[in-house]
Amino acid sequence: MDENPFFTTVEELAERKSGGIMNQTVPRCHLHYNSPGASGFGVKRTGSLLPEAIMLMVSPACCGRHGTIAGKAAGFADRMCYMHMDDVDVVTGRYLERIKDAAEDICRSVKPRPKALMICTSCVDTLLGTDLESICREIERSCGIPVVPARMDPITREGKKPPMASIQQSLYHCLRRSSTREDAVNLLGNFVPIDDDCELADILKQAGIYHMNQISACKTFEEYMKMGEARMNLVLTPLALAAAEDLKQRLGIPFHRVEHCYEINSIKFQYKLLSEALDFDCNDSEYHDEALEAIKLFESRHKGMRFAVGQTINGNPFELSSMLIRHGMRVPFIFCHMINDEDRRYIRELRELSPQTRVYSSVYPGMLGYGGVMTGADAALGLDAGYYFADALCISWNEERYAFGYRGLISLLGQIEAGILNPKSHREQMHGSYLVI
Amino acid sequence: MKGLFKFLAPFSPDYSGAVSVLFELGGMIVVYDAGGCTGNICGYDEPRWYGSKTALLSAGLRDMDAIFGRDDKLIDKIEDAINNIECRFIAIISTPAPSVIGTDFKALARSLHMHTGLPAFAIETNGMDMYDKGQEKAYLELFERFTSTTERGAESKTVDIGVIGATPLDMPGLFISSYISDLLRQWGYEHPACYGMGSGLENVMSAKDALCNLVVSPSGLKAARLLKEKFGTPYVAGFPLNGTEEALRMNIEQSIRRKRGDPGNAYAYDGCKYDNDGGGESVLIIGQQVMANAVRESLRSKKSFGAIDVATWFMLDQEIAERFDVSLKEEDDLERLIQDRGYKYVVGDPLFKRAISDCERMFYVDMPHYAVSGCLYANSLPDPAADIFSHIITHSE
Numbered sequence: 001m002d003e004n005p006f007f008t009t010v011e012e013l014a015e016r017k018s019g020g021i022m023n024q025t026v027p028r029c030h031l032h033y034n035s036p037g038a039s040g041f042g043v044k045r046t047g048s049l050l051p052e053a054i055m056l057m058v059s060p061a062c063c064g065r066h067g068t069i070a071g072k073a074a075g076f077a078d079r080m081c082y083m084h085m086d087d088v089d090v091v092t093g094r095y096l097e098r099i100k101d102a103a104e105d106i107c108r109s110v111k112p113r114p115k116a117l118m119i120c121t122s123c124v125d126t127l128l129g130t131d132l133e134s135i136c137r138e139i140e141r142s143c144g145i146p147v148v149p150a151r152m153d154p155i156t157r158e159g160k161k162p163p164m165a166s167i168q169q170s171l172y173h174c175l176r177r178s179s180t181r182e183d184a185v186n187l188l189g190n191f192v193p194i195d196d197d198c199e200l201a202d203i204l205k206q207a208g209i210y211h212m213n214q215i216s217a218c219k220t221f222e223e224y225m226k227m228g229e230a231r232m233n234l235v236l237t238p239l240a241l242a243a244a245e246d247l248k249q250r251l252g253i254p255f256h257r258v259e260h261c262y263e264i265n266s267i268k269f270q271y272k273l274l275s276e277a278l279d280f281d282c283n284d285s286e287y288h289d290e291a292l293e294a295i296k297l298f299e300s301r302h303k304g305m306r307f308a309v310g311q312t313i314n315g316n317p318f319e320l321s322s323m324l325i326r327h328g329m330r331v332p333f334i335f336c337h338m339i340n341d342e343d344r345r346y347i348r349e350l351r352e353l354s355p356q357t358r359v360y361s362s363v364y365p366g367m368l369g370y371g372g373v374m375t376g377a378d379a380a381l382g383l384d385a386g387y388y389f390a391d392a393l394c395i396s397w398n399e400e401r402y403a404f405g406y407r408g409l410i411s412l413l414g415q416i417e418a419g420i421l422n423p424k425s426h427r428e429q430m431h432g433s434y435l436v437i
Numbered sequence: 438m439k440g441l442f443k444f445l446a447p448f449s450p451d452y453s454g455a456v457s458v459l460f461e462l463g464g465m466i467v468v469y470d471a472g473g474c475t476g477n478i479c480g481y482d483e484p485r486w487y488g489s490k491t492a493l494l495s496a497g498l499r500d501m502d503a504i505f506g507r508d509d510k511l512i513d514k515i516e517d518a519i520n521n522i523e524c525r526f527i528a529i530i531s532t533p534a535p536s537v538i539g540t541d542f543k544a545l546a547r548s549l550h551m552h553t554g555l556p557a558f559a560i561e562t563n564g565m566d567m568y569d570k571g572q573e574k575a576y577l578e579l580f581e582r583f584t585s586t587t588e589r590g591a592e593s594k595t596v597d598i599g600v601i602g603a604t605p606l607d608m609p610g611l612f613i614s615s616y617i618s619d620l621l622r623q624w625g626y627e628h629p630a631c632y633g634m635g636s637g638l639e640n641v642m643s644a645k646d647a648l649c650n651l652v653v654s655p656s657g658l659k660a661a662r663l664l665k666e667k668f669g670t671p672y673v674a675g676f677p678l679n680g681t682e683e684a685l686r687m688n689i690e691q692s693i694r695r696k697r698g699d700p701g702n703a704y705a706y707d708g709c710k711y712d713n714d715g716g717g718e719s720v721l722i723i724g725q726q727v728m729a730n731a732v733r734e735s736l737r738s739k740k741s742f743g744a745i746d747v748a749t750w751f752m753l754d755q756e757i758a759e760r761f762d763v764s765l766k767e768e769d770d771l772e773r774l775i776q777d778r779g780y781k782y783v784v785g786d787p788l789f790k791r792a793i794s795d796c797e798r799m800f801y802v803d804m805p806h807y808a809v810s811g812c813l814y815a816n817s818l819p820d821p822a823a824d825i826f827s828h829i830i831t832h833s834e
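First to last, the protein sequences are chains V and D.
Residue 2 in our numbering sits at position 2 of the first sequence; the count goes up by one each step and never skips.
Residue 672 in our numbering sits at position 235 of the second sequence; the count goes up by one each step and never skips.
Treat each hint with caution, since some may be false.
[To be verified] Once the Cα atoms are required to be at most 30 Å apart in a straight line, the calculated DSS-like pairs of lysine-lysine come out as: (1) V:K111 <-> D:K781; (2) D:K510 <-> V:K160; (3) V:K205 <-> V:K268; (4) D:K439 <-> D:K665; (5) D:K439 <-> D:K570; (6) D:K766 <-> V:K100; (7) V:K248 <-> V:K219; (8) D:K570 <-> D:K790; (9) D:K665 <-> D:K570; (10) V:K248 <-> V:K115; (11) D:K766 <-> D:K781; (12) V:K115 <-> D:K439; (13) V:K100 <-> V:K219; (14) D:K790 <-> V:K100; (15) V:K303 <-> V:K268; (16) V:K205 <-> V:K296; (17) V:K268 <-> V:K248; (18) D:K570 <-> D:K766; (19) V:K248 <-> V:K226; (20) D:K439 <-> D:K490; (21) D:K740 <-> D:K696; (22) D:K490 <-> V:K424; (23) D:K659 <-> D:K645; (24) D:K790 <-> V:K219; (25) D:K439 <-> V:K111; (26) D:K543 <-> D:K667; (27) D:K665 <-> D:K696; (28) V:K100 <-> D:K439; (29) D:K490 <-> D:K510; (30) V:K111 <-> D:K766; (31) V:K111 <-> D:K696; (32) D:K645 <-> D:K570; (33) D:K510 <-> V:K161; (34) D:K543 <-> D:K645; (35) V:K248 <-> V:K161; (36) V:K161 <-> V:K111; (37) D:K439 <-> D:K781; (38) V:K226 <-> V:K100; (39) V:K115 <-> D:K790.
Please keep in mind that the hints were generated in silico from the structure rather than gathered at the bench.
Please take these sequences and the hints and turn them into a complete structure.
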């Protein structure tokens, strides 16, 4: 084991163009280490957001394994069914004929009867080139309910539409456009409803928008279908861009990308862009001032605190790091295994503030053996970063809750303060999460 | 319906089983997958992963690499990784994607050996079989490849009892290798080796020295038979559960005597006070076969029941099965079996209850099995030394 795991600095990263990133930051160039802290929502749990639907996983049995534990713990196990295939099935393709029978069986026997089915295939069908869409259409005719094609194929992870983007698109497959409600928008990309105290709903009211639809908040399939009437889709994460594009093309719903920021001026800028997109005068000064007061208080208490920031946080690790540094904190470590186009802007900003911040690829094999042994951080944001620092305060701050905007910043600061008062070990927080590694 | 599981989620797959055998042996274990299969192993099937330094890595296979069959890329990645990570061998664990594209694993392993100079082999799992199938393949590969056929010097570690089949997927807790080893030491065996769980590659190399092998799950039976064929080492299948320890001790002793040509007591004490057809209500035990057999023996040692049958979705080896033991394949097989035979008591993983429509009618005793429910019931895994089935006895009186 090397004395130090490999890292690159923010300065070095900022100087590299997309083609020139060293191989440790591009996952396809090396073996992958599965850090026990690197986890996310996963395709199945995301698929389970479609209300009153059942997901039928058509795949080798292994592909459904993590659904056993995550499904039971997170409460979606009873909305998952599995159709296992064996090697003869793969060679002959005979399992394709059984999918329809399986779907009919589910519709007949599962109580309550599902209002929609999601048929999800895996890497095997991606490689075999299975025409899942036509299978779904056929099942739709025989079962009389919407049938959604979905794919959980990590083999395409660095492709144009990785599985977590693809499943976002699948989620909105059933939507139809019957009419337009000028007073409704959809939020796309968040896995759980946005925090109740978030100012976004109030700000949208200034634009005459009183309905902020979120799939994770829909209790019924009928409620979900109303998302098809929205005036606009607000895209909160890049993973939902493909879904937004699809809805624009299919239903004519325009979309606007709202970046999830923590730096107070960036939040203000995002609201300015939103006001332009929705054509209203945005008055956010109350929320802005409240957040400014909170960050100033935090700064006075914790100036100089050293943070390690991971990629599993709810937000962009480079943007969040910039915010912390601007307010007197230090960020010596960032853990990030994929650099995308949106990151590059924040990396350039960060170069001006902290060029020597070390960026570690959390999937690089060289990270093996560093769990709990790294030092130099007082707090770690994100379970992926927290895994490496046994002595640091660990704040999961992941997608299990969606804090956004000015109040999102206040919530984050509150979470750090709460962590300082009542620290929880990394392991304890890992076991308490239902995330998929 | 064939292959349709509406209530039971998938059990640990074969590749998780293979990894569970190799995990502690100091090799680089490369799962030939895109990342999801390794995520299953690390996140759900390998409780030793958190904080571990085991070189368990994903190949990071991508669609274009699979389509164009770029195995050379994998070799490059592994060569790059072994520059930073010390390992004693390289094991490639297959998954559905490389199986579908017909990867030539033997050639891949040969090539890896040529490039790195390390022993390299592949376990040809496909993600469609159960965990025990992968374990079986891994044990066979280990003993065929690493067990020395020559006499070892006095300075080498020796093994007097080998334990095959103990992995976290089969056993009720990570402490189990010490539990079994301690018990074997109490029985007078100084060098027990629980292969793959508490014992290293040196012990595998010394497996020839064992006087007897104790097989604690059916995935170890083929390897035990191989060792018997190659070295004449006898084996006993059993697990030391409360009430069965003495029978197991005597069976091991008897096997060793037989090997030495000393028949000793012709009839080993079998520990069973009661017959299977002793009347009373019937019991179904669902689980890995050796453990389920031990539960059966434990119950029989305490009280007379009607039929006590074993059913399993995993391996059912005929040599250690009783007449009415059943191999389950489909999800609804369990429901049908229970209806046909009218069991009063069922022992099994708590998740199996979802597949039994009138579960309230029977007395269900939870016996969590890691390969079924993973960490969900990790805090209530049965303590083998305790009288864990006393409530069945009490209830049936």
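Provide an ascending list of the numbers of those earlier hints which the structure does not satisfy.
-> Checked against the structure, the hints that fail are numbers 4, 20, 21, 31 and 36, while the rest are satisfied.
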